[in-house]
Amino acid sequence: MSNKSGFLNSSIGKKVLMGLTGLFLITFLVVHCFLNSLIFFNDGGLTFNEGGHIMATNWIIRVFEIVLFLGLILHIVQALRLSLDNRKSRPIGYDQYNGAASSSWYSRSMGLLGTLLLIFLIVHLAHFWVKSRFTGLPGEDANGHENLYAVMKETFNITWVVVLYCLSMISLAYHLLHGFQSAFQTLGLNHKKYTPLIKQVGICFSIIIPLIFAAMPLAMHFGLVK
Amino acid sequence: MASSPKLNARVPEGQLAEKWTKYRSTVHLVNPSNKRSLEVIVVGSGLAGASAAASLAEMGYKVKVLYYQDSPRRAHSIAAQGGVNASKNYQNDGDSVYRLFYDTIKGGDYRSREANVHRLAEVSGNIIDQCVAQGVPFAREYGGTLSNRSFGGTQVQRTFYAAGQTGQQLLLGAYSALQRQVGMGAVQLLARHEMMDIVNIDGKCRGIICRDMVTGKLERHFGHAVLLCTGGYGNVFYLSTNAMGCNATAVWKAHRKGAFFGNPCYTQIHPTCIPVSGDHQSKLTLMSESLRNDGRIWVPKKQGETRKATDIPEEERDYYLERRYPAFGNLVPRDVASRAAKERCDAGYGVGSSKMAVYLDFAANTERYGKIEASKKNLHSPSKEEIVRLGKEVIKEKYGNLFDMYKQITGEDPYELPMRIYPAVHYTMGGLWVDYNLMTTVPGLYALGEANFSDHGANRLGASALMQGLADGYFVIPYTVGDYLSEEIRTKSISTDHEAFAKAEAEIQDRINKLMTVKGSKTVDHFHKRLGKIMWDKCGMARNKEGLTSAISEIQKLREDFWKEVRVPGEANEINPELEKAHRVADFLELGELMCKDALNRDESCGGHFREEFQTEEGEALRDDKNFAYVAAWEYKSDGNFELHKEELAYENIKIAARSYK
Amino acid sequence: MSHGNMNLTLKVWKQKNKAERGRFETFDAKGISPDMSFLEMFDVVNEKLISDGKEPIVFDHDCREGICGMCSMYINGRPHGPKEGITTCQLHMRSFKDGDTIVVEPWRSAAFPVIKDLVVDRSSFDRIMSAGGFVSINTGSANDANNILIPKDDADTAFNAAACIGCGACVAACKNSSAMLFVSAKVSQLALLPQGKVERKDRVLNMVKQMDEEGFGSCTNTGACEAECPKSISLENIARMNREYLSATLT
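Protein chains in written order, with this note's numbering: chain A, 1 to 226; chain B, 1 to 662; chain C, 1 to 251.
Hints may contain errors.
Claimed, not checked - No more than 20 Å apart at the CA atoms, straight line, and that leaves these computed lysine to aspartate or glutamate pairs for EDC-like: (1) C:Lys-152 x B:Glu-141; (2) B:Lys-522 x C:Glu-84; (3) A:Lys-192 x C:Asp-153; (4) A:Lys-192 x C:Asp-156; (5) C:Lys-16 x B:Asp-212; (6) B:Lys-302 x B:Glu-316; (7) B:Lys-529 x C:Glu-47; (8) A:Lys-14 x C:Glu-213; (9) A:Lys-199 x C:Glu-236; (10) A:Lys-88 x C:Glu-214; (11) B:Lys-519 x C:Glu-47; (12) A:Lys-199 x C:Glu-226; (13) B:Lys-564 x C:Glu-47; (14) C:Lys-54 x B:Glu-580; (15) B:Lys-301 x B:Glu-499; (16) A:Lys-193 x C:Asp-153; (17) B:Lys-519 x C:Asp-52; (18) C:Lys-14 x B:Glu-571; (19) A:Lys-193 x C:Glu-47; (20) C:Lys-48 x B:Glu-571; (21) C:Lys-11 x C:Asp-98; (22) B:Lys-257 x B:Asp-510; (23) B:Lys-545 x B:Glu-620; (24) C:Lys-152 x B:Glu-397; (25) B:Lys-22 x B:Glu-114; (26) A:Lys-192 x C:Glu-226; (27) C:Lys-18 x B:Asp-212; (28) C:Lys-11 x A:Asp-95; (29) C:Lys-97 x C:Glu-84; (30) B:Lys-564 x C:Asp-52; (31) B:Lys-204 x B:Asp-435; (32) B:Lys-533 x C:Glu-47; (33) C:Lys-48 x B:Glu-580; (34) B:Lys-533 x C:Asp-43; (35) C:Lys-16 x B:Glu-618.
Treat the hints as calculated values from the structure; they're not laboratory data. Predicted model, so just to flag it, every value in this text is computed and none were measured.
Using the sequences plus the hints, can you model the full thing?
This is how it looks when you write it as structure tokens:
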């Protein structure tokens, strides 16, 4: 047992937890992105609400919602721990620091990008999740499902919200750009043949997923999706 | 000639090939529980020091290791490039213990002790075994076996290597063994500590005085035996391939306290170094001898040639080594190659802006490798460019780091242009005189590796320094020191409050105070550079009576000036590199004089010692075996006053002959 | 004495000892030749300082050919200066321009305390090595070297990892002062070779434990260490160490 707790407190163990929770959150993004993309059927949200209904009534999904939150919290807590520890490891900083010469800015700014995403997440949850889960949604659609689609339309009518969402998706893109391949590196999943592939998939993923997400508020705001 | 009664080499009786085996089976041993109370101090953490310290700690002795760097891994063995010799005969090319022994004696121009060299050849194979077991990543063939290459002075391939970083890999192996013992509490490390003096009690070495280079405090350490593994004294020349910190203080202090100095004038000038570019230069960089495997050395046939190397046609090039020494060609021993380069440059055929350089050209072998690669890859009738490209890839794999280093320093690309090289001080064959047990003339004080004089005679063959350092540390000292310590099991630790310790410390304190209070007007480097120039001009690649005589008086004068005019800034009780240097240079100023005196005494030419008065008509070294087949062991009497003792070199197993590489 | 015609301004960290606080001081470097190494430029500045009755700048250096790992300057925001694949002693003044101002700082890390000016204490690296950076084999007990056949690829990869010179540039470059590149290079070298496989589990666990105790930060995979490493030690080694660590912990 002492070995196990040693693992979680070791520098590598902490990182592994970051990587695992990160990958878990990435899989969530895929599901979330797929479901929300149903709005692009452009059928007044019927398919989208249908999907939402399935999700809301499936107990497996309900359980996973809790797991998801736990994963997210773990990811954040670990990030805070790591940042604090890492700060302690260099009590006196450099006068001149040319980080750009050796690494990308976003790989050095995961904490900042993550914080921006957290702020976004709070707003985002307030917009949708709190309403659907607690305060209730206004009315039902033609199929008699809860009309989350209507909430989306209403929300994305507001310009600052759309701007916030788009900017946040840029943060997400950069966060993923580093995080995706970094998770594999941390888990030791490194191979001469496959690592370049993982890196390329990571780049595609980090661009495509945030792009699709950003397309949603934009499409609604400009009336491309009715 | 009979050896001086003060020199007992303690070579075991019996047939040459059986001496070491017999010695090992009859040597006195120390039982494990007694080992735990015997303390050994190891000075220096290079190949010899680290391997000795690790091996002795494994055996159970209490070991302390001190070194001036911040980590034992930084000792200058780390910089050895080309390889380590061993008579494994993995190449099936006729190698054997005897042949390695013979090559080493001949390479040393018949000025080394037979029994020591034979032992070295005997244990050479064990070194490779030991290093491989430690995880040293030697170069390998596709079949998974170890790879070899050839070095100067031999006709077999017996050099094991790890790219151009063999010394580094071997040292890291020894360092890892050492750190393992540190982790187990068997070895205590004293980083950033410099040895200042030895302490003798009742005729035996019983400890040292050292300086903590961070706090400046002088410390006393007791040891039942003290091992000096402090390397050579090439930095007496100021410019050399040695690290900046390499110094002779430990051996010199030992010498002043009774250890005889063997063959101080034997200096190795390495033929392939990057030439000096200006007076700001602080050190010279070696280009590994392994490059001579694939490089051809030449100068233009025309004096004062101004064309670019690549514009000089083949028939106007003088491949002077191949011309003079057809049997060994570019792979003649270092002393021969260096002198030949000097001869060409002095005659006005040198190249580069200083005209003090020759070309080391890889074009021919690049093409040869390219053709082999093309044929391996089934490329039929490849273009010349294609061949050169493939050839460059092979060259890059073999010597990439050296080529990069050359380019970094000179700003020229050696893949396109031949390298410019010139000889530079590299190694000192001389050192503290030791007997077969590696013990100096002070009982309990040992010298290992480059710090002793023992195995290389008047010239060391390439890839033999690593071999000797590790042989001494791993396989010789563990037996021989036990022989001495078996007599010491009743000796309790002597308190460092003993008056001998107090006296030695007071002397050193006094010297530090003196250095700090001169407060003259010239920096330490000023004196060091001047000493270096005298040594290089008059006791370098070629020496003569007149030059040496004047060098001796110049050095004496310089020494006087030093103690009147040197300026050491800062305080003694802090990190003070100028004080450290001043200490070392003060000792170099004494050692330099002895080197000149030894060179003056040796009225012959042999190996690295070339006296212009003694040469054949063709300009080859002319030995005088009748009068000089001896080791010159100098006893310190007083400042500038040394007494010569001779150890006769008797060759019972080798027919002594003129050394020919033609 | 003039050597060349470059004139530079140096802003260098000066600190008397471990206990006292340091600060930057400005020095002129005059008559510098482009052929000088960066350390030779410091030699010239120091000679002048000593002649003027001032204290020279203290810095670590030894072999001056890029292999001992002793030199350790953080130059203009980068360990070992602006060029890649070299140490400070191999950096030449032709990489700078006349009139430049150069800022020189010591390695910064809690595990590398400054002991004077540009000199830091890197003994933490030695302690990590003592924790497991070795094969437990006593002198004299080895088999014939060619009894162990090692595929050339493995030998080459192990060699590339073993090329680490322990200078600490990876730690200096890392925004977290992580020593993972250094530690992983040794773990990798020995994990790749059959000789080292026997102790692989204990080795990685003990070395990482020691690394953490020394106060180094953790790796966030920015890759700065690899980019700044004078011996181009690969990030793959860190992945391999993570793998070794995971498998040692989980099995």
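Hint check results:
1. C:Lys-152 x B:Glu-141: Satisfied, since the Cα-Cα distance of roughly 6 Å is no more than 20 Å.
2. B:Lys-522 x C:Glu-84: Outside the cut-off at roughly 37 Å; violated.
3. A:Lys-192 x C:Asp-153: The given pair, whose Cα atoms are some 12 Å apart, holds under the 20 Å limit.
4. A:Lys-192 x C:Asp-156: 14 Å, holds
5. C:Lys-16 x B:Asp-212: The hint holds at about 16 Å.
6. B:Lys-302 x B:Glu-316: With a Cα-Cα distance of about 7 Å, the restraint between Lys-302 (chain B) and Glu-316 (chain B) holds, given a limit of 20 Å.
7. B:Lys-529 x C:Glu-47: Holds, at roughly 13 Å.
8. A:Lys-14 x C:Glu-213: Distance ~15 Å between Lys-14 (chain A) and Glu-213 (chain C) Cα, so the pair holds.
9. A:Lys-199 x C:Glu-236: Distance ~13 Å between Lys-199 (chain A) and Glu-236 (chain C) Cα, so the pair holds.
10. A:Lys-88 x C:Glu-214: 12 Å, holds
11. B:Lys-519 x C:Glu-47: 15 Å, holds
12. A:Lys-199 x C:Glu-226: Within the cut-off at roughly 17 Å; holds.
13. B:Lys-564 x C:Glu-47: Holds: Lys-564 (chain B) and Glu-47 (chain C) sit about 18 Å apart, inside 20 Å.
14. C:Lys-54 x B:Glu-580: 17 Å, holds
15. B:Lys-301 x B:Glu-499: Distance ~68 Å between Lys-301 (chain B) and Glu-499 (chain B) Cα, so the pair is violated.
16. A:Lys-193 x C:Asp-153: 15 Å, holds
17. B:Lys-519 x C:Asp-52: 12 Å, holds
18. C:Lys-14 x B:Glu-571: Holds. Lys-14 (chain C) to Glu-571 (chain B) sits at ~16 Å (cutoff 20 Å).
19. A:Lys-193 x C:Glu-47: Given pair Lys-193 (chain A), Glu-47 (chain C) is violated - Cα atoms ~53 Å apart, limit 20 Å.
20. C:Lys-48 x B:Glu-571: With Cα atoms ~18 Å apart, Lys-48 (chain C) and Glu-571 (chain B) stay inside 20 Å; holds.
21. C:Lys-11 x C:Asp-98: 15 Å, holds
22. B:Lys-257 x B:Asp-510: 17 Å, holds
23. B:Lys-545 x B:Glu-620: 18 Å, holds
24. C:Lys-152 x B:Glu-397: 13 Å, holds
25. B:Lys-22 x B:Glu-114: 16 Å, holds
26. A:Lys-192 x C:Glu-226: 16 Å, holds
27. C:Lys-18 x B:Asp-212: 15 Å, holds
28. C:Lys-11 x A:Asp-95: Between Lys-11 (chain C) and Asp-95 (chain A) the Cα gap is close to 10 Å, so the pair holds against 20 Å.
29. C:Lys-97 x C:Glu-84: Since the Cα atoms of Lys-97 (chain C) and Glu-84 (chain C) sit roughly 18 Å apart, the hinted pair holds (cutoff 20 Å).
30. B:Lys-564 x C:Asp-52: Distance of about 18 Å is within 20 Å: holds.
31. B:Lys-204 x B:Asp-435: 16 Å, holds
32. B:Lys-533 x C:Glu-47: 19 Å, holds
33. C:Lys-48 x B:Glu-580: Roughly 18 Å between the alpha carbons, so the hint for Lys-48 (chain C) and Glu-580 (chain B) holds.
34. B:Lys-533 x C:Asp-43: 19 Å, holds
35. C:Lys-16 x B:Glu-618: Distance ~60 Å between Lys-16 (chain C) and Glu-618 (chain B) Cα, so the pair is violated.
Consistency note: the structure conflicts with the earlier hints numbered 2, 15, 19, 35.
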